[in-house]
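Undergrad: Given next are the chains, with one letter for each unit.
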Amino acid sequence: MLTLTFFAILALALAFFVIGRSRAVAVVRGDVRLLHSRPNFHGILALLLSAICGIAVLLLLGTMGAVWIETHLLAAILSAQPDMSPIEAELVLSDARALASGGIASKSDPLRLDIAQQVGRQGALHHWGTVVVSLVAALVAGLWALGKISPDWRARNRSETIIRRILMLTAAIAVLTTVGIVLSLIFETINFFNNIDWQVHKFLFGTTWSPLSGVQAGKLDPDKVGAVPLFAGTLMITVIAMLVAVPVGLFSAVYLSDFASHRVRAWAKPMLELLAGIPTVVYGFFAAITLAPFIRNSGEAIGLTIASESALAAGIVMGIMIIPFISSLSDDVINAVPQSLRDGSYGLGATKAETIRQVVLPAALPGIVSAVLLGVSRAVGETMIVVMAAGQGANLTANPLEAVTTVTVQIVMLITGDTEASTAAGPAFTLGFTLFCVTLLMNIAAQRVVRKYRELYD
Amino acid sequence: MSKEIKISAQGVDVFYGDTHAIKNVDLEIENKAVTAFIGPSGCGKSTFLRCINRMNDTIDICRVTGDILLEGQDIYAKSVDPVQLRARVGMVFQKPNPFPKSIYDNVAYGPTIHGLAKNKAELDEIVEQSLRRAAIWDEVKDRLHQPGTGLSGGQQQRLCIGRAIATAPEVLLMDEPCSALDPIATAQVEELIDDLRQNYTVVIVTHSMQQAARVSQKTAFFHLGNVVEYGDTNKIFTNPEDSRTESYITGRIG
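First to last, the sequence lines map onto chains A and B.
Mapping the first sequence onto this note's numbering, position 426 (from 1) lands on 426, and the numbers just tick up by one.
Mapping the second sequence onto this note's numbering, position 108 (from 1) lands on 566, and the numbers just tick up by one.
Next comes chain A alone, as it looks inside the complex (with noise of 0.2 Å):
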C-alpha cells in the first residue's frame, strides 16, 4: 500500500508538471517570451516540490510513526506489568504483532491479546494516516507552485537551485557510505584492541594467528591473534602476482604502442582488456582445479614435494588477473609520449629499442609506476583466488611451494565461519581496517605519482 502510494505520489507530480507548463503559457496567453522562465521551468519546479514533500512526508511518517508506535507499546506493556524485563516486553510485543497478522505466537494470554489488539487498530491509523497526509502533502504544495506562477515567478532558479541540491545530497551518499564504513572499521577496530587489553603488538608482530580457538567468554586469547602469517602470505603472493604481471603487462604494453601494427592493436588490446571482465571466481577456480594440480605434478616430476595449495599458483594465476591493468594503463601512457620525443630520439639516429629504453619508458614511468601501485592494491585487497587456491591454516614461511594464508582469506573464515558474529567480527574488521590503509596508502602514492606525470607535458 505504501509502494502505491509512492506511485500515487510521482503521478500527482507528473499531473502538476502537465498542468503547470499549461497554466504557464495561459498566464501569458501563449506569448511565452513574457514569461521570466520558459513554461517547461513552471512544470518542473510543481513536479518537484509536489514530490519532494509527498515522499518526504511519506518516509518520515512511515518510519517514525512505526517507532513512535513500538515505543507507546513497550510503554503500554511495561505498565501493564511493571517487573517485566525490556527483553520480554519485546517478546510480548513481537508475540503480539504475530497474533495482530494471524500468524503463530509463542503463547497467547489476555495482555498479548489486548496489545495484538492495539498494534492492529494503531497500525491501520498509522498506515492510513501516512497514505492521505503524505498525499495531501504532495497535493498541496503541488498546488502552491501552481498558485505562483506568474510571468515575473522564477521558477527556472529555483528549480535549477533544487535540483543542484539533489545532485549534491546523491554525491554526499556515495562520500557519507565510505565515511560510515570506515567508521564501522575503526570502531570494530578499537573494540578488537579492547578485546585483548591494547596489546596492539600482540596483533601487529605476533606469530601465532588462531583467533577463534582461544576464545574464553568473549575474550580473545592476545597470544593467538598475531597476523604476521598473514602478512607474510599476503606480501609473498602479491610478490608472486607482480613477477608475473609487471614484465607481461609492461612488455605487452611496449609491444601493442609501439610494434604492433593499427590491425593487430585494434583486435590485441580488446582481447587483453577482456582479462579483467573474468570474474576472479573463475580465476579462482582456474586456480585451484588446473594450475595448483599442474604445479605439483611437475614439481613431483623433478623431486619436489609441492602441497596442493600452494602460494605460487595462486600468486601465478592472480598475476594473470592483474595484467590487464598494468598493460592496459602502460599502455595508455606510453602513448601519452608525445611524438615529438619519439621523432627527436630517431632524428638522432637512436633505433627503435634504444628510443623506448631510453626516451618513452622514462617518460611514461611515472604512469608506469601508478599502474604497477594500482595494481599491487588489487592484489592485496584480492580474495576469491586466494580462498580458493592459496589455503587456510596460517602458515609462516618463505616457501612459496607451501599453502600460506592471507589477510582477506582469514576475512572470510572469520565471517562466513559459524563463530558468534561479536566474536569474530574484532579480528576481522580489525584485519579489514590494515587492508583498508595499505591499499589506501598506495592509492594515494599511485594518485601522487600520476598528477607529477600530469604536469610533464602542459
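Just so you know, these hints were derived from the structure itself, not from any lab.
Among the clues, some could well be false.
Taking lysine to any residue and the SDA-like style, the derived pairs with C-alpha atoms no more than 25 Å apart in a straight line are [as the list claims (entries may be wrong)]:
id, chain 1, residue 1, chain 2, residue 2
1, A, K352, B, L507
2, A, K352, B, N657
3, B, K559, A, E354
4, A, K452, B, K553
5, A, K202, A, D223
6, B, K559, A, R23
7, A, K148, A, R23
Following the hints, put chain B in place on chain A, whose structure we already have.
TA: For chain B alone, kept in the frame of chain A given last:
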C-alpha cells in the same frame, strides 16, 4: 663558383596513401652551405626534408620513390640502415622537443648510443663543445643536471640543436626551427645557423622569407609538391624567374 654537391635528389616522388605530396623533384644541395626551402603551407617542403634522413619511414602510409644520393650513395638503397643514416643526417624539429632528462643527458644521448665517447671525460667534452656551438653553454653550464624541459622555448630549441650537433652529423635538417620562438630567440638561432655553415650542410624549412633571405645561400621554392624555382638566395629574392615565385615572395600567394 661551383661548390661541391652534398645531397642530390633525382626524380623524387612521395605519396601519403593516395595523396601525391612531392612530384618528381630534382634538387642538388651544396656542401657547407645553408639551403632554405620556402613555400606555402602544405607544399611539401617539410615532407621533402624528412625524406633526406628517411624520417618518413616512421609513417606507415608514406611511400618514397626516386633517388636521393648522399655523397653519391643512394640512401634508399637496401644496404642503407636508416638508423645509421640519421646519425649522419641530424634533424631539428619545429617544436622544441627536449627529452624529459637533464640538460646534460639530452646532449649526451646521441654520443652515448653511437659510442662516440670512450670515457666520461670525453663525453663531458662533447657535451660542452656541442652546447657552446649551440650558443647556450653560458646559460646552462651551471645547471647541466636540471631537466631540459625546464628551459625557456628558445633555450630548449638551442638545446635541441646542440643535441643534434653532438652526434657529429654531416648534414643538419631544420624543420621550421624558429616557428615556436620569439624574435630574440629567433635571432639567436639564426646567428647559430650562420655559424653552423662552417662545419655542416644545413637545410632549413621556413615560413619566413626574411629568415630565408638572412641565413641561406641557396633557396628552393616549393609549390603544390613541385620545386618551382631553385637557385642562389639573392637571385630568388631579387630577380625570380618564375611568376609564381614572384607572387609568393611579394605576398600575393601563400
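Undergrad: Would you mind marking each hint as holding or not holding in the structure?
TA: Status of the hints after comparison with the structure:
1. K352/A / L507/B: Holds, at about 21 Å.
2. K352/A / N657/B: Between K352/A and N657/B the Cα gap is close to 29 Å, so the pair fails against 25 Å, i.e. violated.
3. K559/B / E354/A: Between K559/B and E354/A the Cα gap is close to 15 Å, so the pair holds against 25 Å.
4. K452/A / K553/B: holds, 23 Å
5. K202/A / D223/A: holds, 7 Å
6. K559/B / R23/A: violated, 68 Å
7. K148/A / R23/A: Holds - the C-alpha atoms of R23/A and K148/A are around 11 Å apart, at most 25 Å.
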